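Participant: As a plain string of letters, each chain reads:
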Amino acid sequence: GAGVSQTPSNKVTEKGKYVELRCDPISGHTALYWYRQSLGQGPEFLIYFQGTGAADDSGLPNDRFFAVRPEGSVSTLKIQRTERGDSAVYLCASSSGTPQYFGPGTRLTVL
Amino acid sequence: SQQGEEDPQALSIQEGENATMNCSYKTSINNLQWYRQNSGRGLVHLILIRSNEREKHSGRLRVTLDTSKKSSSLLITASRAADTASYFCATAPEFSGGYNKLIFGAGTRLAVHP
Chain Z
1 GAGVSQTPSN KVTEKGKYVE LRCDPISGHT ALYWYRQSLG QGPEFLIYFQ GTGAADDSGL
61 PNDRFFAVRP EGSVSTLKIQ RTERGDSAVY LCASSSGTPQ YFGPGTRLTV L
Chain W
1 SQQGEEDPQA LSIQEGENAT MNCSYKTSIN NLQWYRQNSG RGLVHLILIR SNEREKHSGR
61 LRVTLDTSKK SSSLLITASR AADTASYFCA TAPEFSGGYN KLIFGAGTRL AVHP
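These protein sequences, in sequence, are chains Z and W.
Its first residue numbered 1, the first sequence is counted upward by one per residue in this note's numbering.
Its first residue numbered 1, the second sequence is counted upward by one per residue in this note's numbering.
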């Protein structure tokens, strides 16, 4: 069956711009996670959804970052006023328990 | 911030040799998982070991867990060139609300030469 998909695969933007990153989880998975991975590092947790609600957003670095999952399936990670330090690979994962299944990620480059 | 530390940071071996990677973590855990990543993109789950388990096998993979030392090791036997990838340990904290919020280490980059 289809795995987790993320779009776009690459996004280049200018400092100060707004970006949206999309995640399509595996059908039927109620849990959805966003992680951020900087070069040479492991993924860092950002936010977790159970259904439509954000159950844990403790990893969001500041209020420029926001995520939604309005119908309990597709999720969008939104970053306002992007900064060069936001450049990273943004990974989405979904699960119906353990393990988490990861998408291929979106590589965000902020110039 | 990341919880785990992995050792070594990079490992280079010949095909057929065994590869051992170690992971240490800081807080009590519900389980520990190992993931593999090719080319810095999507991660693939390899194996999970629960906090009350000490050893687990899956194919050419062997994982050990020592909760008293807060450490784990991943052994890949009879390595192949296709095993070349980055390997990450990830812990699910014990009091993480009943879901697997994962805390990743920095990873070990494994290169297997033909």
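Calculated from the structure, these hints are not laboratory results.
From a predicted model like this one, the values you see are computed outputs, not experimental measurements.
Errors might be hidden in some of the hints.
Restraint ranges, calculated between C-beta atoms of paired labels, are given here [claimed, not checked]:
| no. | chain 1 | residue 1 | chain 2 | residue 2 | range |
| --- | --- | --- | --- | --- | --- |
| 1 | Z | G40 | W | T64 | 39 to 49 Å |
| 2 | W | L61 | Z | S5 | 37 to 47 Å |
| 3 | Z | D63 | W | Q14 | 46 to 56 Å |
| 4 | W | Q14 | Z | T7 | 35 to 45 Å |
| 5 | Z | G72 | W | D7 | 37 to 47 Å |
| 6 | W | T64 | Z | P70 | 20 to 30 Å |
Beta carbons are placed, not taken as given, at the ideal position from N, Cα and C, and that holds for glycine.
Participant: Take the hints in turn and mark each one as holding or not.
Facilitator: Okay, the hints, checked on the actual structure:
About 26 Å separates the C-beta atoms of G40(Z) and T64(W), a value inconsistent with the hinted range of 39 to 49 Å. Under the hint 37 to 47 Å, the C-beta atoms of L61(W) and S5(Z), about 27 Å apart, miss the expected range. Taking 46 to 56 Å as the suggested C-beta distance range, the pair D63(Z) and Q14(W) conforms, at roughly 50 Å. The supplied range of 35 to 45 Å is met by Q14(W) and T7(Z), whose beta-carbon atoms lie about 40 Å from each other.
Between G72(Z) and D7(W) the beta carbons are some 40 Å apart, a value that agrees with the proposed interval 37 to 47 Å. Between T64(W) and P70(Z) the C-beta distance comes to about 43 Å, which lies outside the given range of 20 to 30 Å.
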